[in-house]
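This is what each chain is made of:
Number of protein chains: 2
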Amino acid sequence: MTKTELAIIGGGQLARMMAQPANALGIRTRLLAEGDDVSAAQVIRDYVVGSHLDLDDLKRAIADAPVVTFDHEHVPNQHLQALIDEGHECRPGPHALLFAQDKLKMRQRLSELGIPCPRWTQVSSIEDVREFGFPLVLKTARGGYDGKGVWVIREETQARDIIENADVELLAEELVDFSRELSAQVARSASGEIVAYPVVESRQENGVCALVIAPAPNMDPTQANEASTIAVKVATQLDVVGMLAVELFETNDGRILVNELAMRPHNTGHWTIEGAATSQFENHLRAVLDLPLGGAEAREDWAVMVNILGGSATDLVARRKVALAAEPNVHVHLYGKEVKAGRKVGHVTATGNDLESVLASARRSAELLTNEEN
Amino acid sequence: MTKTELAIIGGGQLARMMAQPANALGIRTRLLAEGDDVSAAQVIRDYVVGSHLDLDDLKRAIADAPVVTFDHEHVPNQHLQALIDEGHECRPGPHALLFAQDKLKMRQRLSELGIPCPRWTQVSSIEDVREFGFPLVLKTARGGYDGKGVWVIREETQARDIIENADVELLAEELVDFSRELSAQVARSASGEIVAYPVVESRQENGVCALVIAPAPNMDPTQANEASTIAVKVATQLDVVGMLAVELFETNDGRILVNELAMRPHNTGHWTIEGAATSQFENHLRAVLDLPLGGAEAREDWAVMVNILGGSATDLVARRKVALAAEPNVHVHLYGKEVKAGRKVGHVTATGNDLESVLASARRSAELLTNEEN
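Residue numbers (this note's numbering), protein chains in the order written: chain A, 1 to 374; chain B, 1 to 374.
Misleading hints may appear alongside valid ones.
Calculated from the model, a selection of chain B residues having no Cβ within reach of chain A, i.e. all distances over 10 Å [to be verified]: (1) Asn-23; (2) Ala-41; (3) Ser-111; (4) Glu-260; (5) Lys-344.
Calculated lysine to any residue pairs in the SDA-like style (CA-CA distance at most 25 Å, straight line) [stated by the list, open to error]: (6) A:Lys-321 to B:His-88; (7) B:Lys-321 to A:Arg-28; (8) A:Lys-321 to B:Glu-193.
A short list of chain A residues far from chain B (calculated; beta carbon distances all over 12 Å) [claimed, not checked]: (9) Glu-5; (10) Leu-53; (11) Pro-116; (12) Thr-157; (13) Arg-180; (14) Gly-192; (15) Glu-193; (16) Pro-215; (17) Ile-273; (18) Leu-289; (19) Ala-325; (20) Tyr-335; (21) Leu-359; (22) Arg-363.
Calculated directly from the structure, the hints in this document are not laboratory data. By construction, the Cβ of each residue, glycine as well, lies at the ideal position given by its N, Cα and C atoms.
Using the sequences and the accompanying hints, generate a full structural model.
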């Protein structure tokens, strides 16, 4: 048996989708999974059940793996440092992950680097909020995801409870008048090689990514270049190793502003599995193992990814047949998760040369997977 | 945990490559593997170690799986019948597999169907061989693969030992004066839906597939259509469910003749992973689970697949970095097998619009994976 090359912390769908390039490239992986039947544990043979918050569990999972990477950014930094002290490579490292874990530190660092952000400030009292001015977005510095820990505040009373009950640092940000949201992804290897994926448009519903169009339609080339340049700069200056997603606002007055950072494969890059020369999952693995990166260019004019969020259909295996019958060329990805309302349980990707028909196919497939017909 | 939908018999690289679409489509699989660390057992969590020749092992592996499919065609037909009698679906079924297992029965059946074959006859004595005329190809009806059980006979003395020591039926076939070898693949679902992949050229070295070009260059459209029509007819008439590969000779006088049949994903279809709208592995799974099939059309003008056969390099993990550095956009597939001289241990696929450069890239990547540099 060959040696374990890589440990992956966290058994969600991102780890699940890393399995495919790991198998192709012959990379032996070991998984730290939250349970015996979580998404990635279903498809990675060598797994350990435990918590990413428990250093002993982490050590048990990592054991002889020289390199460690992540399905999410939630491993405590002191644990990562302990693993590094024992000789493991953590990629991305805690010095980079910090800026994906803590929005306040992220805003401070990006502002130092001159990277365009919404106007922001740390707030700890209702007076701070009042001084910032309404409307604003109130965010917890840590722990938010998929719209959680984020509130749009239009008047003082809406902020009071949040501030009084907050057990983490808070920041206020300008409520950006954006025309749409974009995502710029890059892969950066341990040696510093970087490839940039086409900038995509992402559409959110209820704070959760619903749909991605690659590349972003009607994108001004100068702006697309600016977005990619920001992502390359962030990856380089923050020493990110692996995939980096920079979520951006395109404002109505033509500016590009950084919204959030993710230092792992990202929902806005799922289209790359079929749509790009090298998928984000493969380039993440190549980057963290310091292998040369693959091309990030699109394979067809358009790719559209639609998330499957838990709806009225609970038996996805049964719905799969209906969706494939209607749209046999839309690529279906199911995550092996139990359906709960609004939970991400899969996605579909369509590619082609005509955006309208690609959009229609992906939407139809997703709708048939999400909901029972009446 | 969702139910097991599919059992796969045999833990080689074909089963390994079925894991990817199984994971994407959320198909729970159970594997019967020859050992704890064979190629597919490394990447399919739910496996049982045992032999495909042992009915108890087969039953243990299949257990509650409603459908059974195969990495190879070597499960004894009486065992398959026993599984069917217990209510499992075997896809392809023993009535079809028979014609992939037994070349004599295959020639008889194809000749009945009017499908063009090399001139052939059953032989059991040196007189039979003499009467057929030299040169000829002598083949064992059963048990041959990758050039084994096949002999080119130019004079009587070469045939004598083979005939005297044969413990299986033999057939003699015309030594075809072929210009090249082709492969026509189709997927056929349990409901009878069929899709045909582009006809490809395969180049053999020492009886083993070395390289595949998709589509076959300079192919006369009428001949390509004839090859596809043969494959569709064979799949339909023999009631094949799953992938069928029809290996063909293109003769110097412009005929298409059937060489061999394989009823599973096939080495000549590995290019479809990156090169076709739906890979042969995904369409095999869709076919045996009676799901609608995906498109079989090529995604780019050219795809070239080159096998990695065991050479002077024994540490493929180390060579992987060298190959990716030289050809970062060639897709590397390693099978997790120990390197032995001439053994298939992986393959690479390149795609693009210029055949010469696609060929050169694939060959260079394969060479760097196969052999240490001097």
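Query - Least C-beta distance from A:Pro-116 to chain B larger than 12 Å - result: Holds: least Cβ distance 32 Å, greater than 12 Å.
Report task. Compute the least Cβ-Cβ separation between A:Ala-325 and chain B, then decide whether it is above 12 Å. Result -> Contrary to the label, A:Ala-325 does not stay out of reach of chain B, its closest Cβ about 5 Å off (not over 12 Å).
Query raised in the report: Taken at face value, is the distance from the CA of A:Arg-28 to the CA of B:Lys-321 at most 25 Å?
Result: Holds, because 15 Å separates the two Cα atoms, which is no more than 25 Å.
Query - Consistency of the no-contact label for A:Tyr-335, given chain B and a CB cut of 12 Å - result: violated (7 Å)
Query raised in the report: Taking C-beta pairs only, is A:Gly-192 more than 12 Å away from all of chain B?
Result: holds (14 Å)
Query raised in the report: Just checking, A:Leu-289 versus chain B, shortest CB gap more than 12 Å?
Result: Not fine: 9 Å to the nearest Cβ puts A:Leu-289 too close to chain B.
Query raised in the report: Taking C-beta pairs only, is A:Leu-53 more than 12 Å away from all of chain B?
Result: holds (25 Å)
Requested in this report: Confirm or reject the statement that A:Glu-193 sits farther than 12 Å, beta carbon to beta carbon, from all of chain B.
Outcome: Violated, since 9 Å does not exceed 12 Å.
**Report entry** Distal placement of A:Glu-5 relative to chain B, Cβ over 12 Å
**Finding:** Its Cβ does come within 12 Å of chain B, the nearest being 7 Å, so this is violated.
Query - Least C-beta distance between B:Ala-41 and chain A, which was stated to exceed 10 Å - result: Nearest chain A Cβ is 8 Å from B:Ala-41, so the label is violated.
Query raised in the report: Far enough from chain A: is every CB of that chain over 10 Å from the CB of B:Lys-344?
Result: holds (14 Å)
Query raised in the report: Holds or violated: is the Cβ of A:Thr-157 farther than 12 Å from all Cβ atoms of chain B?
Result: holds (46 Å)
Consistency note: the structure conflicts with the earlier hints numbered 1, 2, 9, 15, 17, 18, 19, 20.
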